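Given the coordinates of chain Y, work out where chains D, F and X should sit on it, guided by the hints.
Number of protein chains: 4
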Amino acid sequence: MEDKTSVNSPNNAWGRWGPEDEAGALNLIGAAQVKRAAGLVRTGEVIRLAQPLSHKTPVPRHRSGLQHFMGRDGGDYAAGARRPGGFQFAEDTVIMPLHIGTHIDALCHAWCEEKMFNGYRETTMRSTSGATRLGVEKMPPAFTRGLLIDLVELRGRPMQPGEVISREDLQACLAVAGLGIEPGDAVLLHTGWLQAQAGNTDIDFNSEPGIDHAAGFWLAQQDVAIIGADNFAVEVLPFAEGTVFPVHQCVIRDFGIPLLEGLMLEPLVRTGRKEFLFVGAALPIVGATGSPLTPLAVL
Amino acid sequence: MEDKTSVNSPNNAWGRWGPEDEAGALNLIGAAQVKRAAGLVRTGEVIRLAQPLSHKTPVPRHRSGLQHFMGRDGGDYAAGARRPGGFQFAEDTVIMPLHIGTHIDALCHAWCEEKMFNGYRETTMRSTSGATRLGVEKMPPAFTRGLLIDLVELRGRPMQPGEVISREDLQACLAVAGLGIEPGDAVLLHTGWLQAQAGNTDIDFNSEPGIDHAAGFWLAQQDVAIIGADNFAVEVLPFAEGTVFPVHQCVIRDFGIPLLEGLMLEPLVRTGRKEFLFVGAALPIVGATGSPLTPLAVL
Amino acid sequence: MEDKTSVNSPNNAWGRWGPEDEAGALNLIGAAQVKRAAGLVRTGEVIRLAQPLSHKTPVPRHRSGLQHFMGRDGGDYAAGARRPGGFQFAEDTVIMPLHIGTHIDALCHAWCEEKMFNGYRETTMRSTSGATRLGVEKMPPAFTRGLLIDLVELRGRPMQPGEVISREDLQACLAVAGLGIEPGDAVLLHTGWLQAQAGNTDIDFNSEPGIDHAAGFWLAQQDVAIIGADNFAVEVLPFAEGTVFPVHQCVIRDFGIPLLEGLMLEPLVRTGRKEFLFVGAALPIVGATGSPLTPLAVL
Amino acid sequence: MEDKTSVNSPNNAWGRWGPEDEAGALNLIGAAQVKRAAGLVRTGEVIRLAQPLSHKTPVPRHRSGLQHFMGRDGGDYAAGARRPGGFQFAEDTVIMPLHIGTHIDALCHAWCEEKMFNGYRETTMRSTSGATRLGVEKMPPAFTRGLLIDLVELRGRPMQPGEVISREDLQACLAVAGLGIEPGDAVLLHTGWLQAQAGNTDIDFNSEPGIDHAAGFWLAQQDVAIIGADNFAVEVLPFAEGTVFPVHQCVIRDFGIPLLEGLMLEPLVRTGRKEFLFVGAALPIVGATGSPLTPLAVL
Chain Y
4 MEDKTSVNSP NNAWGRWGPE DEAGALNLIG AAQVKRAAGL VRTGEVIRLA QPLSHKTPVP
64 RHRSGLQHFM GRDGGDYAAG ARRPGGFQFA EDTVIMPLHI GTHIDALCHA WCEEKMFNGY
124 RETTMRSTSG ATRLGVEKMP PAFTRGLLID LVELRGRPMQ PGEVISREDL QACLAVAGLG
184 IEPGDAVLLH TGWLQAQAGN TDIDFNSEPG IDHAAGFWLA QQDVAIIGAD NFAVEVLPFA
244 EGTVFPVHQC VIRDFGIPLL EGLMLEPLVR TGRKEFLFVG AALPIVGATG SPLTPLAVL
Chain D
4 MEDKTSVNSP NNAWGRWGPE DEAGALNLIG AAQVKRAAGL VRTGEVIRLA QPLSHKTPVP
64 RHRSGLQHFM GRDGGDYAAG ARRPGGFQFA EDTVIMPLHI GTHIDALCHA WCEEKMFNGY
124 RETTMRSTSG ATRLGVEKMP PAFTRGLLID LVELRGRPMQ PGEVISREDL QACLAVAGLG
184 IEPGDAVLLH TGWLQAQAGN TDIDFNSEPG IDHAAGFWLA QQDVAIIGAD NFAVEVLPFA
244 EGTVFPVHQC VIRDFGIPLL EGLMLEPLVR TGRKEFLFVG AALPIVGATG SPLTPLAVL
Chain F
4 MEDKTSVNSP NNAWGRWGPE DEAGALNLIG AAQVKRAAGL VRTGEVIRLA QPLSHKTPVP
64 RHRSGLQHFM GRDGGDYAAG ARRPGGFQFA EDTVIMPLHI GTHIDALCHA WCEEKMFNGY
124 RETTMRSTSG ATRLGVEKMP PAFTRGLLID LVELRGRPMQ PGEVISREDL QACLAVAGLG
184 IEPGDAVLLH TGWLQAQAGN TDIDFNSEPG IDHAAGFWLA QQDVAIIGAD NFAVEVLPFA
244 EGTVFPVHQC VIRDFGIPLL EGLMLEPLVR TGRKEFLFVG AALPIVGATG SPLTPLAVL
Chain X
4 MEDKTSVNSP NNAWGRWGPE DEAGALNLIG AAQVKRAAGL VRTGEVIRLA QPLSHKTPVP
64 RHRSGLQHFM GRDGGDYAAG ARRPGGFQFA EDTVIMPLHI GTHIDALCHA WCEEKMFNGY
124 RETTMRSTSG ATRLGVEKMP PAFTRGLLID LVELRGRPMQ PGEVISREDL QACLAVAGLG
184 IEPGDAVLLH TGWLQAQAGN TDIDFNSEPG IDHAAGFWLA QQDVAIIGAD NFAVEVLPFA
244 EGTVFPVHQC VIRDFGIPLL EGLMLEPLVR TGRKEFLFVG AALPIVGATG SPLTPLAVL
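Protein chains in written order, with the working numbering: chain Y, 4 to 302; chain D, 4 to 302; chain F, 4 to 302; chain X, 4 to 302.
Excised from the complex, chain Y in its bound form (with noise of 0.2 angstroms):
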């Protein structure tokens, strides 16, 4: 597999950080990065970006939801469970689908021609072994600097379902900020959806605002190293004419770059600060397609 650097080859980053990478775009954090980050923390607020996990935590129809199951709890004792030496613990068990809640996608999530990100081929991965290639344990924890851009603010209102987030609002909203994005930057995008979805039983996972393809391409041309919304699937849906996830199909599977869906960025909007430092850390689960995590911005 030859290099096809972003210079050469701009429709995609395929060979970028090697034949044999898996991490994508996380390779755009490194060590400058990380220490750049870190001297972001001032106030020393720590925010988290997660939705709770519970059975109550929206899924599309097509995804079962969160099951909880508690082996052993404080019933068990109510009713006379023995306590050796007075002992007494719980424990439990989740049945979970991996994107869920504030969530991660991996690499191996979307592809489109029988190839995933770097010319990795779909039949690596099996219902037997999951991914071999791309897994979310391959990922390498983002440890960076995050910037907000706010689209509620920007609109003076939040997001309307199918409405789409351009790369002139992106520029926008950076411009009023007085913030570039930087390579590994972890971009966040402020649509208002799923704070709108609070208390909603029927959400319509098929029409939410988001980024077109236009606005994806651009965030990767700028080297980011992770595209984050507060919606259900970062870009825009309905989809435009003809295409199908086209944002998907971009920045995950050319560019490499994981989304991270699902984002709760109220209580990080409240604060006004859009520069900060943002810690994402997926579960290494092998061979897995994303993972729920917990976010944070740390002010």
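Note that these hints are calculated values from the structure, not bench results.
It is possible that some hints are incorrect.
If chains are identical, the list can't say which one is meant, so a pair holds when it fits in one copy or spans any two.
Here are the simulated DSBU-like pairs of lysine-lysine, each with C-alpha atoms no more than 35 angstroms apart in a straight line [claimed, not checked]:
1. K277 / K59
2. K277 / K38
3. K141 / K59
In this text the structure is predicted, and so the values were computed from the model without any measurement.
Okay, now just chains D, F and X, sitting in the frame of chain Y:
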């Protein structure tokens, strides 16, 4: 519930942060601790301290291991699955006991005499709801100073199953490193146990090196926020005669300090750094007694 | 526990089959009933009375549906999986709530006043063990005379949600068919409800036709061994004012008669046969409160 | 797909019941077989042939065992759960591999050369759908004559791991019993293997007594509908040199005969009856490769 500070009641921390507190010793990580911890980043190296999660991740016999199922994978496309607009994707589900691999014990995980930390009753935790008090979703993320206490270095060899880490051992390690514990620290103990189990398909989970009650009590008195180790239960197994999980009872139940078990410490040990930024954030699974996570050491 | 036979204590069957009995009314199926039932086979037609089980099988909102995962499938081979000696195979796993589709309620499924059928205490059933008394594995298989009681035929139309099947309705159906209930019979009630839900993706499980308390009590007095129906709970929903699942309490808890819910009766109805050999055997899941099964009518 | 009857093509039964058939040898159980089988009931004794299902049910290492979770149980009420109108109930969920305990192999369970029984292609079975051809829900219930072939009686001792049941062994057993196989019979083989594993927590699933290819082929030529045994795979393990699951390939794939594995035969053996009514009905799990079930022998 009256306030019983550690000054007035040195035997526990119940009431120390108010009668409704569910965060326990993680309260000891305030803005000052966060800022100071961020300042420890020097080289920009980020180290994951988590074991890979798969059906091979060792669990004791009374627990089932992790199961990972592909709901849609590359093989399905190889067999002819439809690709609308060329788009392909994969998704998956795990069945996962929450005390598996590298995981944190929530404060509702262990107790005695029908009462959990801060006096919450065991009857607050049922099959139907999980833990309504002290669930893992109530644990603030830990972003704080991490200290590596290297017992393997002290002994000059990996510790043996059943071998005690005493208070004096902890103090000796700290003295060698020229470090002192400060309130809010995450203390990580390197015993060599996990490393020694590599390739062992029939691990004895009933015998391992770890701290005894006196060492746990001393750490609690130092106001540590988290105690972690590269073993299964942090504390020494088997227990001292006549006791059952005495460290769990003292540390979790009396002092509200979460235990971080199953750490993968070798990569950190190899760097020689004993003081670093520690970051750990559990999955916010509502009512859960623990959570796998991917803790980071940032150097 | 003293013997309280139905003669002396007509309000329940506790003690009727001894203080340690866990089989309840299934005890009424003795060798004579089995032989007589076998003699009902005339045409040799065998009809399955079970709904298909899949993620589409309807469940009320508080339960998760069935999940079916392929651990190894044809797609894996299409993607290149190894075929030692040419051999290929597939295997799979289900996550299945036990009260789904066509299923039987074990005698530990419903109770009141802390006591289950035959006086067993609720504390015999815990998270750690399941039901140590009256679990579904304690239910003998049912091989007995089946009687179809066709309320749709009686009414001349499918029954409506909330419509009561009274004792008089049962008697009227039997009179038309020229049949009488005998001890040990499996009585199957055709309401038309399940058929009416075909294609409904938002079934209201809180409103359905079914028997009221008087009808249930009368059936119990006739010494039936099983009561089944083509609805969700056998009994009418909503309940009579001031009661909660009164038929479950009377039939299961007081008389030890298992309920067979979610029957698919249309194919049997179409044959016109009202009396037949009924066969039903639950999965012997230790400590379970119920089990899906595939009951048969043999004509 | 042309019809290849057993007369014209003795090496398989593809096409014998038409090109769209998915029932295979279960087609051999017609009304005459059902009526004749019902006539075998003499004493009215009903014997369950199934192992209990629990986390203790043995499974080979590559499969996870059954997990049983209480979603609501007696302990919850002991801890104070609400009892509307006095009503109490419990419910539960299993995670269950489908080839566990006493189970039947669907005709899609094993194949070779990309084709399953009757020529269906392996690509009809994917992660997303399960088996769209030959799934266990396509198997008609078995209500037919059962024959017990008692190899333990023949040998005068339990069979040993790796010991072959030959065609001649089968014929010798039948001769002693004065019985002959007839089309549609369910043939059950008693090896003593399961009984010998009682209490063994580390069963070797790679070595067991069972039939060889010649014995399987001979049974298929006799037009049996089902072959069952009290072992893990019906066929002898290890296989004959140079073959892999040859009986599965011949019996399931070529002749469409389901295998019934893990039978609990001792209670039947003790009665001395060799000919009886056999009843077995799988759970109709859509697209599944097998199903636990509770087969019955009615004497």
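Tell me, which hint numbers fail for this structure? Checked against the structure, no hint fails, so every one of them is satisfied.
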